[in-house]
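Add chain B to chain A, keeping to what the hints say.
So the protein lines, in turn, are chains A and B. Using our numbering, read the first sequence as starting at 1 and increasing by one per residue. Using our numbering, read the second sequence as starting at 1 and increasing by one per residue.
Think of the hints as simulated: they come from the structure by calculation, not from any bench. For clarity, every value in this text was computed on a predicted model and none was experimentally measured. Think of the CB as a built atom: it goes at the ideal place given N, C-alpha and C, for glycine as much as any other residue.
Part of the chain A face toward chain B, derived, beta carbon under 7 Å:
hint, residue
1, VAL56
2, ARG57
3, ARG106
4, MET110
5, LEU117
6, ARG153
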Amino acid sequence: MGYNKLMPEVYKASVGVGLVGRARVAQERLNKALDILKSSRTTNPLSSFAVGPERVRFETQEEEEPVILMMRQHPITNLGWILMALLLLWLPTLFSFLPFAMMPGRFQVMTIVGWYLMVLAYIVERFLYWFFNVYIITDERVVDVDFYGLLYRDLTVAKLDKIQDINFTQAGSFAAIFNYGNIYIQTAAERTRFEFMKVPNPAKVVEILYQLLEEEEKEVIEGRVK
Amino acid sequence: MFEGVSAILNFDLWSAIKWVYVFAFGLYVIFTLVVMRQIDLMVATVGGAWHAPIRLLGVFLVAVAGLALIAAIVLL
Chain A
1 MGYNKLMPEV YKASVGVGLV GRARVAQERL NKALDILKSS RTTNPLSSFA VGPERVRFET
61 QEEEEPVILM MRQHPITNLG WILMALLLLW LPTLFSFLPF AMMPGRFQVM TIVGWYLMVL
121 AYIVERFLYW FFNVYIITDE RVVDVDFYGL LYRDLTVAKL DKIQDINFTQ AGSFAAIFNY
181 GNIYIQTAAE RTRFEFMKVP NPAKVVEILY QLLEEEEKEV IEGRVK
Chain B
1 MFEGVSAILN FDLWSAIKWV YVFAFGLYVI FTLVVMRQID LMVATVGGAW HAPIRLLGVF
61 LVAVAGLALI AAIVLL
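Isolated chain A, as found in the complex (with noise of 0.2 Å):
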């Protein structure tokens, strides 16, 4: 006898989506979102706010978890950097001062190229900084990964049905003009507050996130949660 046939959609539901029923889902959640920015899913490893990014995968990551947005600072915020190690780059040419000149010209070679070897460095330290500090939403969390210094890092992790608030600010000229902004999500989690510093489309991103959280909603009142 058709067991099944005898229960209710919502008791069906209850014995669970499978891997195959999670990817679905979850690839109707990433569908979802490219309406919602009414862009297709992002190819460029630079870019400061990828959508569905195929290839990225970060730690604890689960299998059929796929990245629904990837972001990080807006390419903007890196201006005050890159302009200072433009003055670094060319500050040489003023190294025509007393001591330096009065130095052995293969001195004067080491002192220049160690300068720009400090201005290389200056450079990747605060190119890998942008690069790696990103903040992740997937179709089931949020996920903020953090590096400080040399070899500190801090990956904080939470849960969709953890959220219980979201809300963002703009704040500033420069954030008006390029669009980005700060997103503050409050959890019920072990931490309890995420900050998405600098982010590109911050409305944008906080509707993805309030249509995720309804979907999750839906999941836990049909009972098909994982």
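Frame of chain A, contents of chain B only:
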């Protein structure tokens, strides 16, 4: 100025300064090795299609630092 200091102290100031430079470039090599380790950690935490070029950047930094250290030892 530097010759005057050498004459007063009766030793070759530049050979002493050379080892200060070599020491500084040696520290820089160690720093680049730490950066390379840092890149490994970063790539292990968030990975993607950019693995290879970013790792290459770390190798490039170490290579440049190594060359600069050798140049400091040879030239100075």
